[in-house]
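Trainee: So the protein lines, in turn, are chains S and L.
Counting in UniProt numbering, the first sequence tops out at residue 533, every number present.
Counting in UniProt numbering, the second sequence tops out at residue 317, every number present.
Since the hints were derived computationally from the structure, they do not count as laboratory data.
Only a predicted model underlies this, so the values are computations on that prediction, with no experimental measurement involved.
The beta-carbon is built from N, C-alpha and C at its ideal position, and this holds for glycine as well.
A hint or two may mislead.
Unchecked claim - Here are some, though not all, of the chain L residues that point toward chain S, as calculated from beta-carbon distances under 8 Å:
1) G82
2) G173
3) V262
4) P266
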Amino acid sequence: MPHSFDRRRFLRQGTLAAVALAAGPGLITACASGGTTASPKAGASSGARRAGGTLRAAFVGGGASETLDFFNGPTPLDLVRARAWHGTLGNLDPTAEYGVRYGVLEAIDVSEDLTTYTLRLRSGVRFTDGSTLTSADVLHSLATLAAGSKLPVFRMASLNFDLAHAKADGDLKVVLPAVRPIADGRLILCQGNFLVVKNGTRTFSTATPTCGPFKLTEFTAGQGAAFTRNDDYYGAALGQGPYLDGLELRSIADSEARAGALTSGAADFVHDLAPVTARTLAADDSVDVVPSRSPYLVGLSFRMNMNVKPFDDERVREAFKLAVDREAMVSTVFYGNATVGNDLPAMGFPDYADGLPQRAHDPEKARALLKAAGAEGMEVVLTTGPETPGMVEAATLYVEDLKKVGVKASLKELPAGQLFADFAAYTRLPLAASYQVPVPALSTYQIGTAGGSPAAFGWKRPEVDALVSNARAQSDAATASRLGTDAQRTLWEEGNTVLPVFKPYLNAQVKGLTGIDADLFEQFPGFSRAALP
Amino acid sequence: MSWAVYLGRRLAGAAVTLVLLSCAVFAATAVLPGDAVSAVAGPDASAAERARVRAALGLDRPVAARYADWAYRAVHGDLGTGFVGHRPVADVLAGRLPNSLLLAGLTLALAAPLAVGLGLSAGLRAGRGADRLISTLAQVAAGVPEFVAAALLIAVLSVRLDLLPRVSLVPLGGGPLDAPRGLVLPVLTLAAVGTAVATRLIRVSAADVATSPYVETARLNGVRGVRLALRHVLPNAAGPAVQALTLTTGVLVGGAVVVESVFDYPGIGRELQRAVAARDVPMVQGIATTLVAVMLLILLLGDVCGWLLDPARGEPR
Numbered sequence: 001m002p003h004s005f006d007r008r009r010f011l012r013q014g015t016l017a018a019v020a021l022a023a024g025p026g027l028i029t030a031c032a033s034g035g036t037t038a039s040p041k042a043g044a045s046s047g048a049r050r051a052g053g054t055l056r057a058a059f060v061g062g063g064a065s066e067t068l069d070f071f072n073g074p075t076p077l078d079l080v081r082a083r084a085w086h087g088t089l090g091n092l093d094p095t096a097e098y099g100v101r102y103g104v105l106e107a108i109d110v111s112e113d114l115t116t117y118t119l120r121l122r123s124g125v126r127f128t129d130g131s132t133l134t135s136a137d138v139l140h141s142l143a144t145l146a147a148g149s150k151l152p153v154f155r156m157a158s159l160n161f162d163l164a165h166a167k168a169d170g171d172l173k174v175v176l177p178a179v180r181p182i183a184d185g186r187l188i189l190c191q192g193n194f195l196v197v198k199n200g201t202r203t204f205s206t207a208t209p210t211c212g213p214f215k216l217t218e219f220t221a222g223q224g225a226a227f228t229r230n231d232d233y234y235g236a237a238l239g240q241g242p243y244l245d246g247l248e249l250r251s252i253a254d255s256e257a258r259a260g261a262l263t264s265g266a267a268d269f270v271h272d273l274a275p276v277t278a279r280t281l282a283a284d285d286s287v288d289v290v291p292s293r294s295p296y297l298v299g300l301s302f303r304m305n306m307n308v309k310p311f312d313d314e315r316v317r318e319a320f321k322l323a324v325d326r327e328a329m330v331s332t333v334f335y336g337n338a339t340v341g342n343d344l345p346a347m348g349f350p351d352y353a354d355g356l357p358q359r360a361h362d363p364e365k366a367r368a369l370l371k372a373a374g375a376e377g378m379e380v381v382l383t384t385g386p387e388t389p390g391m392v393e394a395a396t397l398y399v400e401d402l403k404k405v406g407v408k409a410s411l412k413e414l415p416a417g418q419l420f421a422d423f424a425a426y427t428r429l430p431l432a433a434s435y436q437v438p439v440p441a442l443s444t445y446q447i448g449t450a451g452g453s454p455a456a457f458g459w460k461r462p463e464v465d466a467l468v469s470n471a472r473a474q475s476d477a478a479t480a481s482r483l484g485t486d487a488q489r490t491l492w493e494e495g496n497t498v499l500p501v502f503k504p505y506l507n508a509q510v511k512g513l514t515g516i517d518a519d520l521f522e523q524f525p526g527f528s529r530a531a532l533p
Numbered sequence: 001m002s003w004a005v006y007l008g009r010r011l012a013g014a015a016v017t018l019v020l021l022s023c024a025v026f027a028a029t030a031v032l033p034g035d036a037v038s039a040v041a042g043p044d045a046s047a048a049e050r051a052r053v054r055a056a057l058g059l060d061r062p063v064a065a066r067y068a069d070w071a072y073r074a075v076h077g078d079l080g081t082g083f084v085g086h087r088p089v090a091d092v093l094a095g096r097l098p099n100s101l102l103l104a105g106l107t108l109a110l111a112a113p114l115a116v117g118l119g120l121s122a123g124l125r126a127g128r129g130a131d132r133l134i135s136t137l138a139q140v141a142a143g144v145p146e147f148v149a150a151a152l153l154i155a156v157l158s159v160r161l162d163l164l165p166r167v168s169l170v171p172l173g174g175g176p177l178d179a180p181r182g183l184v185l186p187v188l189t190l191a192a193v194g195t196a197v198a199t200r201l202i203r204v205s206a207a208d209v210a211t212s213p214y215v216e217t218a219r220l221n222g223v224r225g226v227r228l229a230l231r232h233v234l235p236n237a238a239g240p241a242v243q244a245l246t247l248t249t250g251v252l253v254g255g256a257v258v259v260e261s262v263f264d265y266p267g268i269g270r271e272l273q274r275a276v277a278a279r280d281v282p283m284v285q286g287i288a289t290t291l292v293a294v295m296l297l298i299l300l301l302g303d304v305c306g307w308l309l310d311p312a313r314g315e316p317r
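Generate the whole structure from the sequences, applying the supplied hints.
Mentor: What follows is the structure, encoded as structure tokens:
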């Protein structure tokens, strides 16, 4: 992915990834077909694993601004590195009760009124300096570091929990007040980005005491980090790895160069290749291309600005949705390695409105609607940029589709990094390219669309906002699902987003590498359960 | 004019240039659409959050005040910290600049003798077959963009023949010299372009010298071939040649940005590119100003060497 600027991309992802409401059916599929299970019983399958060896994985990275302080480190690699190094409150696991697998916690108790969460710590979790984890450490991690972070990955948690007012209750309990009643808060706290550091930790170095699966031995920003196994890891007793002796995480910004590192034997796993790079790797017998699976897909979309005429007219918006040839995008831009979208984000998550009909490609009807709205022959500029692979190509095809229904459309391509840099200007564009990272549907709505946020491009519907908040406060799953689907139906019918295609993260690895999909945080791989062939 | 006065004037001129260019870079970052807020707070941050981050970064203050502040600190040796990731700019420079200088140094070590040899050979035979061959090749090579040269070298030496690594991975905790094989392709790429540019410049001055009366005299006295080139042409063409090579260094700095990103070489050019994309003003400002200072120093050294090498030198001009 030589042309995209990845910090920005991650920030987009991170903003939305701040939540993970429910572990989707996709994760179940991913785990099942991955040959391991994500439940604590995974230890049972570890008999087939070859223990030992050092795994070398390559990521886009963030250059010299990479940091060990993941509360200030906005690149995916900063987070992947931190997850190898630190203990976590928990991870998503659809096979487990409430959809979460706890890390340093034994359980999270939720009060009757859904406003108080009590985190119960596992006893006997040890840091690498020999000290034992207590509530003071968890409190410091949540109330001081996470609450003070400017990073978007912590935003969803702070929207729902009053992190700064968490309190310790004895050595092994932390009480966390919710901002409003929330039924599925466990899934926000246990999504893998709430890592636990020792009380008082402000700065980070290889000497910092940690309680994660690996111990950091070497770190050079923009180049990489080296780890050895932490034999004292609390997860080891639970059969949760680590199985590797060592781990090396390298930064290689260029997609072709990452693929080259894999094929030349300098890396065992490479993250996020460009579609064309992945296609050339498919012919190589020594490596496997492993695309991320639903729901861990990125939606490519076009946003119509309802503050700009004629997009205030629902018929025009419908016409723009009907005009796009989704199948053509899947086959031309992604060589078939993508899925058709239905103008709603979060496909594959349990709260995604599956039941709605797939919107067809209907240029005739689009033409008729434009005519009825008096917008035939309208002029519009679609603005895009190479922020993620395929984004410009998809926009190029869409402009052609629009011309076919009589719209005088043209494309404006900005240089890498430019599209979102001036966000105020971006939100004033009449028709703008965008993309949605894999985050459950209702959370995506709450972060980017609710309350007439500038990112909503003029969509302002308090009654839909209320429907979404209400859905999230339901302890009954069926009621929550019904309310959530109602909200998404309105969005599907009247909304201002054309979302024609979902694309996977195209990762690749040496044949026989296992266990990476058993430790996913959102779309980012983890290595605590990985084993070399 | 004495030697000390000459040097003093040149240094003062370089300082003024440095100040003007640092202003220009600062102005350029201010004119670019957008700011670092998106990189720090995320594109979906609310207006209030963006305002908070903008204030925290000091971006709500007037450009002139921010520049004055930056310049005051820079003069006192503090280049500040980057907006993104909060690394001190000086740390980033200390980690990356030596790698880039190494790349440039090795490239010059390879390109300089080649360019001098080829430039002299062509210049002495101006208009003849060898000159046409060398000039044509140099012209073609100088016109090939670095990324094309890099792709060709990768295709042949790395993919086809499997001789050299495709990526310049530096061992963790070490430097580029700990994995010397990783330096070969970046150096070859830069040297190809650098040699071509320098050859063409040296050829011109060698051709000038070759038609000068004193070389004509030497020829008439029966001096030929290597002896003519080394004893009579080279000393007179050396000054211009050094200046040609210093100019080539400028070309190398631009090329290094491209080459560093193609081979994923941990140099300063790539960091500059990244900082510009993130609108990380302190990082852009610190790196660009340092690069300008290094360039000015090299140009000054080139001029001094050129003067020292001039057989007809008098007082500094």
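Trainee: Tell me the numbers of any earlier hints that the structure contravenes, in ascending order.
Mentor: Nothing - there is no hint that the structure violates, so all of them hold.
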